[in-house]
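Peer 1: Sequence:
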Amino acid sequence: MPSVIYQALSGCVLLVAVLILLHHIRTECIAN
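With my numbering, you'll find the sequence shown wraps up at 1167, consecutive numbering, no jumps.
I should point out that these hints are in silico values taken from the structure, not numbers from a laboratory.
Idealized CB from N, CA, C, for every residue including glycine.
Any given hint could be a false lead.
[Claimed, not checked] The calculated label-pair distances, taken between Cβ atoms and stated as ranges, are: (1) I1165 <-> S1145: 27 to 37 Å; (2) N1167 <-> P1137: 41 to 51 Å; (3) S1145 <-> A1166: 27 to 37 Å.
The task is simple: from the sequences and hints, build the whole structure.
Peer 2: Below, the structure written as structure tokens:
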């Protein structure tokens, strides 16, 4: 059971990281 929780948690962290990266790239493109 803990492994399933760990998988879900790592998935959420990865999703948040991708969203932040996309937002950063988008804001940089708008700034330029």
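Peer 1: Could you run down the list of hints and mark each one as holding or not?
Peer 2: How the hints compare with the structure:
I1165 and S1145 have their C-beta atoms about 31 Å apart, which keeps the hinted 27 to 37 Å range intact. Checked against the hint of 41 to 51 Å, the C-beta distance between N1167 and P1137 comes to roughly 45 Å, which is consistent with it. At roughly 31 Å, the beta-carbon separation of S1145 and A1166 lies within the given 27 to 37 Å, and the hint holds.
In this structure, none of the earlier numbered hints is contradicted; all agree with it.
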